[in-house]
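Sequence lines, in order, name chains A, B, C, D, E and F. When the letters of the first sequence are read in order and numbered with numbering that gives the first Met the number 0, they come out as residues 0 to 64. When the letters of the second sequence are read in order and numbered with numbering that gives the first Met the number 0, they come out as residues 0 to 203. When the letters of the third sequence are read in order and numbered with numbering that gives the first Met the number 0, they come out as residues 0 to 203. When the letters of the fourth sequence are read in order and numbered with numbering that gives the first Met the number 0, they come out as residues 0 to 218. When the letters of the fifth sequence are read in order and numbered with numbering that gives the first Met the number 0, they come out as residues 0 to 218. When the letters of the sixth sequence are read in order and numbered with numbering that gives the first Met the number 0, they come out as residues 0 to 247.
These are calculated hints, taken from the structure and not from any lab test. Small disclaimer: the values here were computed from a predicted structure and weren't measured. There could be a bad hint or two in this list.
[Stated by the list, open to error] FRET-style restraints, in silico, Cβ to Cβ:
id	chain 1	residue 1	chain 2	residue 2	range
1	C	Gln2	B	Ser193	43 to 49 Å
2	B	Gly11	C	Glu199	41 to 47 Å
3	B	Tyr116	C	Gln188	55 to 61 Å
4	C	His51	F	Leu201	33 to 39 Å
5	E	Val13	C	Gln62	41 to 47 Å
6	E	Ala125	F	Thr198	53 to 59 Å
7	C	Arg32	B	Asp191	19 to 25 Å
8	B	Ser25	C	Glu199	40 to 46 Å
9	A	Ile33	F	Thr45	30 to 36 Å
10	B	Gly11	F	Val166	51 to 57 Å
11	B	Glu189	C	Gln62	42 to 48 Å
12	B	Asp68	E	Arg45	56 to 62 Å
13	C	Ala203	D	Pro165	55 to 61 Å
[Claimed, not checked] Listed below are the simulated DSS-like cross-link pairs for lysine-lysine, each with C-alpha atoms no more than 27 Å apart in a straight line:
id	chain 1	residue 1	chain 2	residue 2
14	E	Lys6	C	Lys166
15	E	Lys6	C	Lys120
16	B	Lys17	C	Lys147
17	B	Lys128	C	Lys147
18	B	Lys17	C	Lys128
19	B	Lys147	D	Lys214
20	B	Lys120	B	Lys166
21	E	Lys214	C	Lys120
22	A	Lys37	F	Lys19
23	C	Lys17	E	Lys6
24	B	Lys128	E	Lys6
25	E	Lys214	C	Lys147
26	B	Lys128	C	Lys120
27	C	Lys120	C	Lys147
28	D	Lys6	B	Lys128
29	A	Lys45	F	Lys19
Glycine included, each C-beta is placed from N, C-alpha and C at the ideal position.
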Amino acid sequence: MNWSNISEFFSMGGYGLYVWGSYGVTLICIVGEILLIKNRHRTLEKQYGLTHDINKKETTHETTS
Amino acid sequence: MLQGINLACVRGDRELFKDINFLLESGGLMQVRGPNGSGKTSLLRMLCGLSHPAAGDILWEDQNIRALDSDFFAAVTYIGHLSGTKDDLTVLENLQISSALAGMEISTEQANDALHYIGLKGREALPVKVLSQGQRRRVALARLLVCKTSLWILDEPLVALDVMAVKLVRGVLEEHLQQGGMVVMTTHQEIDISAASIMELQLA
Amino acid sequence: MLQGINLACVRGDRELFKDINFLLESGGLMQVRGPNGSGKTSLLRMLCGLSHPAAGDILWEDQNIRALDSDFFAAVTYIGHLSGTKDDLTVLENLQISSALAGMEISTEQANDALHYIGLKGREALPVKVLSQGQRRRVALARLLVCKTSLWILDEPLVALDVMAVKLVRGVLEEHLQQGGMVVMTTHQEIDISAASIMELQLA
Amino acid sequence: MLIWIIKRDLLLAVRRQSDVLTTLFFFIIVVSLFPLSVGPEMNLLRTMAPGIVWVAALLASMLSLGRMFSNDYIDGTLEQMLLSPQSLSLLVLGKALAHWLVTGIPLVLMAPVLGIQYDLPGDALAILTISLLLGTPVLSLIGAIGAALTLGLRGGGVLVSLLVLPLYIPILIFGAGAVEASMAGVGFDAHLSLIGAFLLVSLVFAPWAAASSLKVSLE
Amino acid sequence: MLIWIIKRDLLLAVRRQSDVLTTLFFFIIVVSLFPLSVGPEMNLLRTMAPGIVWVAALLASMLSLGRMFSNDYIDGTLEQMLLSPQSLSLLVLGKALAHWLVTGIPLVLMAPVLGIQYDLPGDALAILTISLLLGTPVLSLIGAIGAALTLGLRGGGVLVSLLVLPLYIPILIFGAGAVEASMAGVGFDAHLSLIGAFLLVSLVFAPWAAASSLKVSLE
Amino acid sequence: MAINWFKYSSPASFYSLAGKMIPFFTVIAIILLAAGLYVGFFVAPTDFQQGEAYRIIFIHVPAAWMSMFLYVVMAFWAGIGLAFNTRLSAMFASAIAPTGAMFTFIALWTGSLWGKPMWGTWWVWDARLTSELILLFLYIGFMSLQAAIDDPRRADKAGAIIALVGVVNIPIIYFSVQWWNTLHQGASVSVNQAPSMATTMLAGMLIMVFASWMYSIAVILKRTRIIILERESHTAWVAGLQKKGTVS
Ligand code: HEM
Ligand SMILES: Nc1ncnc2c1ncn2[C@@H]1O[C@H](COP(=O)(O)OP(=O)(O)OP(=O)(O)O)[C@@H](O)[C@H]1O
Ligand SMILES: Nc1ncnc2c1ncn2[C@@H]1O[C@H](COP(=O)(O)OP(=O)(O)OP(=O)(O)O)[C@@H](O)[C@H]1O
Ligand SMILES: [Mg+2]
Ligand SMILES: [Mg+2]
């Protein structure tokens with residue numbers, strides 16, 4: 000274990016700003032991307048005029064291709 | 000009252016016409032005729048003050064239009080070969096903005112009414128660039144429905160219009176003339192408009 | 000022989016037409032009619048391969064024009080709303096260059112003859128930008144006099160032309176048809192052309 | 000009228016976007032290409048920075064001048080404006096302001112970010128931004144005169160550069176000078192007030208001059 | 000066909016002149032403004048010179064890309080060309096060559112003169128000219144792809160810069176690098192041969208890619 | 000028995016296949032991410048030179064690698080789409096671009112946050128950094144070009160051309176450290192000659208690389224599904240889904 004307490008963990012040996020700045024922005028990017036995709040999906044749902052969850056039951060339509 | 004006195008026009012080394020005289024009174028229609036290149040467009044641009052005659056004078060209510068300047072412009076609507084519509088704006092925006100710039104702000108309802116009347120119902124929100132040739136022309140002509148000017152100068156307004164639209168424009172012109180307006184126009188197509196006084200100006 | 004099978008056209012979310020069928024044989028004239036925005040221009044652009052139909056096929060001598068590609072282009076002359084003339088080049092240069100690019104080099108005499116015939120005598124050396132609207136249109140149409148293609152596709156060729164020029168164009172078309180050529184055209188003006196077979200295609 | 004002109008030009012800019020983006024992107028490109036070709040020494044780059052940013056802003060603004068009137072000229076809108084009963088100077092003022100909003104403001108906002116790439120210190124960044132904020136409207140106003148004079152002429156593009164460039168140079172010198180002065184620790188107020196004076200003068204005279212030029216060009 | 004295209008484009012350039020002059024003048028302006036804004040120290044300027052000249056050449060070439068097809072597109076000529084029975088790649092090659100003759104060659108001829116302003120030594124001037132001579136046709140060829148792809152699009156101007164710039168940068172780096180290497184007394188052959196390789200590759204692939212793009216754009 | 004790949008090259012069957020795969024990849028991504036972060040922060044020791052700042056490596060390197068790799072994959076599919084006129088591969092390419100751009104941005108961002116303490120500056124104009132910036136421009140160019148074109152088929156083709164032309168940039172980024180001598184380090188983390196790097200560091204980094212992989216696959220599949228629905232809304236099979244209430 001590298002860290003004796005939580006504040007040491009957050010200070011990252013004085014480099015906290017840089018390390019957490021990197022990880023934070025990465026997190027924002029990933030969350031942002033997921034939200035954007037969700038949003039795009041929702042727009043699509045609205046367009047189809049139904050509100051069912053797209054993932055709920057889709058087992059049988061391979062045959063339709 | 001629009002009057003032309005001894006008008007002449009020179010383009011390059013060519014004299015297109017000279018000694019043109021006319022007097023257009025309230026309720027009057029003047030049709031300018033002549034083959035391609037005889038100077039109709041050149042004459043019309045002079046009449047609305049966009050270019051200056053090589054000789055002669057143009058009077059509006061007995062005053063030279065060069066002296067009147069913007070007082071004259073407030074009384075004229077000119078629709079030329081170029082339609083003055085912006086490809087990227089929608090039909091509605093084009094009409095509203097071009098009217099506003101001509102000093103005549105109109106509400107969205109007024110604009111919509113004019114557009115419906117001229118046959119662009121359902122196209123109000125399309126950008127002009129996707130319209131057909133005839134529909135673009137209609138957007139330009141819709142200005143006539145909302146403007147309150149008395150002198151209309153129209154350079155081949157009927158180009159690209161279908162039969163229905165030609166009829167419609169005829170109606171608009173006749174109403175304007177009945178209300179005491181004046182129209183100067185050119186066209187190679189035949190159209191008979193009833194007016195208090197009709198004049199033909201033959202060039203070349 | 001040009002054949003259209005079940006052609007359909009979609010613009011934006013609008014279906015302009017569908018199930019259009021026709022067969023145009025040598026010496027035949029097809030007039031496409033319809034109000035503004037009915038899809039005439041869109042159809043013509045499909046026929047010359049500039050855009051693709053949403054459904055259906057276009058056959059030239061029983062082969063799909065997409066497969067023929069440049070073999071088909073060698074047989075077509077298209078003149079659309081846009082005239083494809085360069086404002087800064089002279090009338091003569093415009094004609095010579097546009098013919099050369101269409102795969103048909105012509106001498107200065109040939110070009111001059113064509114220009115005189117179409118009524119541009121004395122204007123050969125003027126840059127196109129100073130010409131009148133009708134004269135510009137004539138420059139574009141002069142291509143018809145020098146090209147050797149069999150299928151002509153003309154989108155409102157008569158726009159802005161005066162009465163004399165309309166007559167002239169009629170003559171040119173009739174001669175082309177007599178020699179076994181084919182013409183597809185649109186126009187809102189009335190013009191009667193005599194041809195071996197005349198077909199009307201009404202849109203909307 | 001003024002409002003309508005500005006509104007319309009902004010609407011067009013929003014609709015096309017390209018105008019705003021082209022200018023901004025051009026600015027960014029010019030500023031970013033230099034380090035690539037000059038080499039990565041930070042000291043050299045820092046010395047060059049104010050000059051490069053200002054030259055880039057000037058070029059970006061100048062290149063978009065052509066569009067100020069020419070689109071409206073080509074499609075006949077300008078004719079219609081000329082035929083409108085309102086004052087032409089006001090119209091020109093509106094167009095110049097719209098031009099500034101569309102091309103100038105984005106440059107001003109972007110400049111500090113680009114300055115950081117060149118490792119400029121904080122105050123230098125501030126002065127750079129302020130000098131651009133004062134200077135870019137002058138560029139648009141003077142540019143309007145050039146654009147109006149060269150409307151529809153063969154070789155309009157060159158001509159407009161030739162005409163406005165001599166008038167732009169003082170602003171360039173004082174603008175870049177202000178930043179350099181602040182970096183050198185010398186007073187920069189004189190530079191900035193000179194640019195301010197230019198702004199006032201051009202706000203008064205440029206619309207009028209450009210309006211007269213327009214009338215001449217459209218005759 | 001190739002001949003006719005080139006002939007026509009050159010004729011148009013002669014008739015309008017503005018195209019040639021705008022590009023050339025822009026090039027001269029960019030190069031000449033820097034001493035004004037950066038300050039007159041000769042050593043600094045000499046170090047910057049190759050970079051500045053190359054950036055200016057790249058920008059000048061890029062700015063004129065928009066015109067390569069768009070004029071012909073707007074007035075319907077491009078449609079006619081597409082309908083012509085000849086190979087489209089050839090047409091594109093012709094247009095790219097004409098573009099180079101009109102915009103590239105004047106830059107190449109002008110560069111030594113501008114280099115002298117920056118007090119570049121003789122061999123550096125020669126290398127500068129050669130690198131531009133090899134590099135500018137690549138700019139035109141790659142540019143043709145970008146111009147064809149963005150034809151008639153909203154925001155074409157920005158897009159074309161965005162698309163071609165990343166592809167231009169290697170040429171910029173090697174071009175300016177060659178001159179800097181020669182000034183530093185290091186070998187510059189590697190740089191020049193790399194540019195030559197770029198030229199050959201783009202001569203083979205760019206017309207074809209641009210022709211496909213044109214077909215896509217005009218569909 | 001081998002899977003019949005041709006069957007899955009139609010959007011309809013790919014749609015359902017992708018639907019089944021997404022949860023799988025999501026779960027693996029989360030597990031790997033947790034493991035990688037644990038190793039990175041709690042197992043890997045402090046670097047004797049860089050102190051704790053080096054921990055940025057656990058996102059910087061995966062992001063930098065993914066940014067380049069995804070571009071190549073995108074260009075590959077776009078090229079297949081152009082050559083064989085297959086709809087699905089073009090859609091796949093469009094789905095990859097945003098994720099690739101995101102990783103490029105992360106590589107730039109973390110790199111410059113790492114650069115400040117290590118090199119004393121946020122940004123230097125060195126070849127590696129610059130070419131990564133160019134890569135971002137390439138992604139943005141691809142996406143803006145596609146966004147500017149209304150007709151999806153045309154957008155696919157145009158995008159494919161520019162993506163293929165842009166591939167030349169990838170080797171330039173990769174070899175830039177060798178071609179120009181730059182600030183950016185190349186060798187310190189190299190697998191074959193890395194005694195300077197603790198095995199646990201390397202392990203943490205590699206786990207994070209795999210996590211990024213799985214994440215990318217999950218996100219890209221999801222986006223592909225959405226694009227399929229957007230583009231094929233008029234087809235019979237989507238209507239069928241709709242009736243069953245499986246598509247929205
Ligand atoms: C904005 C700045 C930066 C950018 C754009 C950037 C970009 C990249 C790229 C594209 C790679 C992958 C290439 C490869 O694996 O060969 C990479 C790897 C790497 N970067 Fe950076 N970087 C930046 C800053 C830094 C800094 C400041 C450091 C450390 C002081 C750093 C350390 C590394 C390391 C150790 C690798 C792994 C190299 C390897 O594969 O062996 N980077 N970076
Ligand atoms: N620089 C010039 N040198 C010679 N002739 C010129 C020059 N500029 C214009 N012209 C001629 O001036 C005339 C302009 O005519 P204008 O456009 O007024 O004709 P129009 O009557 O409107 O014709 P249309 O019916 O075709 O629209 C044309 O015949 C043109 O050839
Ligand atoms: N994106 C779009 N959305 C909706 N409608 C569109 C769109 N693009 C084009 N259109 C419509 O498609 C039609 C195009 O018509 P086209 O130009 O073929 O007509 P035309 O028959 O040649 O008419 P004209 O006689 O006026 O020349 C127009 O009605 C136009 O409004
Ligand atoms: Mg006329
Ligand atoms: Mg039409």
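Practice prompt. Identify every previously stated hint that the structure contradicts and give their numbers, smallest first.
Written response: 3, 4, 14, 16, 17, 21, 23, 24, 26
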